[in-house]
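Undergrad: So the chains spell out like this:
Protein chains: 2
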Amino acid sequence: MKKYNFNAGPSILPREVIEQTAAACLDFENSGLSLMTISHRAKNFQPVVDEAEVLFKELLDIPEGYKVLFLGGGASLEFCMIPYNYLEKKAAYLNTGVWATKAMKEAKLFGEVVEVASSADKNFTYIPKNFEIPTDADYLHITSNNTIYGTELRKDIDSPVPLIADMSSDIFSRPIDVSKYALIYGGAQKNLAMAGVTFVIVKEDTLGKVSRQIPTMLDYRTHVKKGSMFNTPPVVPIYSALLNLRYIKAQGGVKAMEKLAEERAKIVYGEIDRNKLFVGTAEEDSRSLMNITFVLKPEYQDLQDEFMAFATSKGMVGVKGHRDVGGFRASCYNAMSIEGCEALVACMKEFESNH
Amino acid sequence: MKKYNFNAGPSILPREVIEQTAAACLDFENSGLSLMTISHRAKNFQPVVDEAEVLFKELLDIPEGYKVLFLGGGASLEFCMIPYNYLEKKAAYLNTGVWATKAMKEAKLFGEVVEVASSADKNFTYIPKNFEIPTDADYLHITSNNTIYGTELRKDIDSPVPLIADMSSDIFSRPIDVSKYALIYGGAQKNLAMAGVTFVIVKEDTLGKVSRQIPTMLDYRTHVKKGSMFNTPPVVPIYSALLNLRYIKAQGGVKAMEKLAEERAKIVYGEIDRNKLFVGTAEEDSRSLMNITFVLKPEYQDLQDEFMAFATSKGMVGVKGHRDVGGFRASCYNAMSIEGCEALVACMKEFESNH
Numbered sequence: 575m576k577k578y579n580f581n582a583g584p585s586i587l588p589r590e591v592i593e594q595t596a597a598a599c600l601d602f603e604n605s606g607l608s609l610m611t612i613s614h615r616a617k618n619f620q621p622v623v624d625e626a627e628v629l630f631k632e633l634l635d636i637p638e639g640y641k642v643l644f645l646g647g648g649a650s651l652e653f654c655m656i657p658y659n660y661l662e663k664k665a666a667y668l669n670t671g672v673w674a675t676k677a678m679k680e681a682k683l684f685g686e687v688v689e690v691a692s693s694a695d696k697n698f699t700y701i702p703k704n705f706e707i708p709t710d711a712d713y714l715h716i717t718s719n720n721t722i723y724g725t726e727l728r729k730d731i732d733s734p735v736p737l738i739a740d741m742s743s744d745i746f747s748r749p750i751d752v753s754k755y756a757l758i759y760g761g762a763q764k765n766l767a768m769a770g771v772t773f774v775i776v777k778e779d780t781l782g783k784v785s786r787q788i789p790t791m792l793d794y795r796t797h798v799k800k801g802s803m804f805n806t807p808p809v810v811p812i813y814s815a816l817l818n819l820r821y822i823k824a825q826g827g828v829k830a831m832e833k834l835a836e837e838r839a840k841i842v843y844g845e846i847d848r849n850k851l852f853v854g855t856a857e858e859d860s861r862s863l864m865n866i867t868f869v870l871k872p873e874y875q876d877l878q879d880e881f882m883a884f885a886t887s888k889g890m891v892g893v894k895g896h897r898d899v900g901g902f903r904a905s906c907y908n909a910m911s912i913e914g915c916e917a918l919v920a921c922m923k924e925f926e927s928n929h
Numbered sequence: 575m576k577k578y579n580f581n582a583g584p585s586i587l588p589r590e591v592i593e594q595t596a597a598a599c600l601d602f603e604n605s606g607l608s609l610m611t612i613s614h615r616a617k618n619f620q621p622v623v624d625e626a627e628v629l630f631k632e633l634l635d636i637p638e639g640y641k642v643l644f645l646g647g648g649a650s651l652e653f654c655m656i657p658y659n660y661l662e663k664k665a666a667y668l669n670t671g672v673w674a675t676k677a678m679k680e681a682k683l684f685g686e687v688v689e690v691a692s693s694a695d696k697n698f699t700y701i702p703k704n705f706e707i708p709t710d711a712d713y714l715h716i717t718s719n720n721t722i723y724g725t726e727l728r729k730d731i732d733s734p735v736p737l738i739a740d741m742s743s744d745i746f747s748r749p750i751d752v753s754k755y756a757l758i759y760g761g762a763q764k765n766l767a768m769a770g771v772t773f774v775i776v777k778e779d780t781l782g783k784v785s786r787q788i789p790t791m792l793d794y795r796t797h798v799k800k801g802s803m804f805n806t807p808p809v810v811p812i813y814s815a816l817l818n819l820r821y822i823k824a825q826g827g828v829k830a831m832e833k834l835a836e837e838r839a840k841i842v843y844g845e846i847d848r849n850k851l852f853v854g855t856a857e858e859d860s861r862s863l864m865n866i867t868f869v870l871k872p873e874y875q876d877l878q879d880e881f882m883a884f885a886t887s888k889g890m891v892g893v894k895g896h897r898d899v900g901g902f903r904a905s906c907y908n909a910m911s912i913e914g915c916e917a918l919v920a921c922m923k924e925f926e927s928n929h
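So the sequences go chain by chain: A and B. So the first sequence is residues 575 to 929, counted in my numbering. So the second sequence is residues 575 to 929, counted in my numbering.
These aren't lab readings, by the way, just hints derived from the structure by calculation. Source: prediction; values computed, not measured. Among these hints, one or two may not hold up.
The list treats identical chains as one, so a pair stands whether inside a single copy or across any two.
Heads up, simulated DSS-like pairs for lysine-lysine below, C-alpha to C-alpha not over 27 Å straight-line [stated by the list, open to error]:
(1) Lys617 to Lys894
(2) Lys577 to Lys617
(3) Lys800 to Lys682
(4) Lys729 to Lys829
(5) Lys682 to Lys663
(6) Lys833 to Lys894
(7) Lys783 to Lys676
(8) Lys894 to Lys800
(9) Lys829 to Lys703
(10) Lys888 to Lys617
(11) Lys631 to Lys617
(12) Lys664 to Lys729
(13) Lys679 to Lys783
(14) Lys799 to Lys894
(15) Lys682 to Lys783
(16) Lys576 to Lys617
(17) Lys840 to Lys888
(18) Lys679 to Lys800
(19) Lys777 to Lys823
(20) Lys888 to Lys871
(21) Lys577 to Lys823
(22) Lys617 to Lys676
(23) Lys894 to Lys923
For reference, chain A alone in the conformation it holds in the complex (with noise of 0.2 Å):
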């Protein structure tokens, strides 16, 4: 039976990238020896930087003055490296989540925190609008995309001061204005690469203005410096990144992956609103393009253990939405298919026709 991969991350990648990592890992560019027992420092693996850097920027457009990284330990430790490098006296955060949650705790044992906005009132069914952003704040931080709830801000906000977002699950799904923004982080396992390696990309004159000391590998002026290479990177994540980065341009770039996105959440969403037994969670306006939440209407709540092994047994693989949302969640980052989309939505029809 195929199966669909609907996972919220790691997920889906295209298949092309998990064969040509696993190739790799057998033998890396015909060199004889496997990409998991290579150096960082061996010639023919900064080429592998050089280039995932340099189709970041292509990708995204990403203006002069911008660096990206390539990390290790996720964007969990970039929302304590967030305040530590930015926060001198004050930050504000659009709290749309348990993610921005978590990043505003870290940000609170470095200055003062001020929420500008919050969807907490809704469990965070949708993207607060017209929020003021204090003007002498250190920066303001935005989740673009919330993978529990299926709200996205899916748009380059203005910002007067300087503006850093997690972009964990929505990055390559859209064009950027990077120039929006001073900061953009995520960990990969979502639509870059398998798991293991967060990237970042930093204006570099934004850096440095802080008057605390920072830890050497907490320091974004560090990996600027060293090129993502101060210490051991994650060889392998990062070459799956660069394969996926290929893959991107290959089919048409950024503008052909929102085509897509746009295309699979027509279908879905589509269904959801027509189907008898199911109600979408996020507000129309806040529906995210990768991960599709819906839950069962009140009436046919009973259905939910019969919904999802009805699903499983069709071949679809993570639809169960997170607990704090319940129901269930098609997460739909670039690597899905259309085919995949319909296939969930006959699964969903035939499941609706036999009730």
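Dock chain B against chain A, hints included.
TA: Same frame as chain A, but now just chain B:
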């Protein structure tokens, strides 16, 4: 031509670990999904982390009260995590080289640092002996093996204060008396796994004794509490570690690894001491079994490039010495075969007879 991988790290791994990792990237345990795309919360991944911890405990005979963690960020991140979690007033460090110095540098951000001894006077060619450990220190930090200088402590010292060891490059090469340590850590990319995961063996009751607030991701208690699953762990690197732990067990455990290490060292150091062209750089009683460093004798210094080219032509990979020592380095980690060492020796002999 057969290649022999003497890289200092990332470095040689057993062929079966490489092949099984590549196979899992294509299809993880017949799940129909790539290991690169499965959720770390998947039912078939938790057993990977669990078995890796069980094998760590079994192979190193770790007593009750210790946890094994699999983190991201590399050993360099631990350099600041250790003082964050342990340094209240004063820490003691044994300075045996670049990595120990880097670890000390981070500690100085958190409190007083006492260098109990240093071998900097002789370019770190030996491990200091008979140093005094201040009994009022919060901990003593040691680097058990010094990859750059080819020196190794290779025994578990007695310390009146909690003992913390960076064992990045000699873990699993000998039995350890873990009960003597509060914490043992290291990057995986030598004797354990592909780059991208850091192991930490921590005695739980040594944590939580400092008064400062610790960022969540830098607090060992976070990872102890969540079984290394607080955030998305490096899934594929962890899996490669599990495969290697299984391999070590199948080979007879760390005692068998120690025997092999001694055999390899006898072969390579034997030739260094015999060959008229070469001389070892480390003092004899401090010689590392993992990283065997040697240079051309003063009268043969002009043969440096020629030997490098000759060794490369014979299939030797990564034998160039670190720039701080010069000459050559044969890193002989667990997966290095006797055949590989004999090939290196044959190469040295042939080069000698050519001159």
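Undergrad: Could you tell me which of the hints above the structure violates, numbers in ascending order?
TA: none
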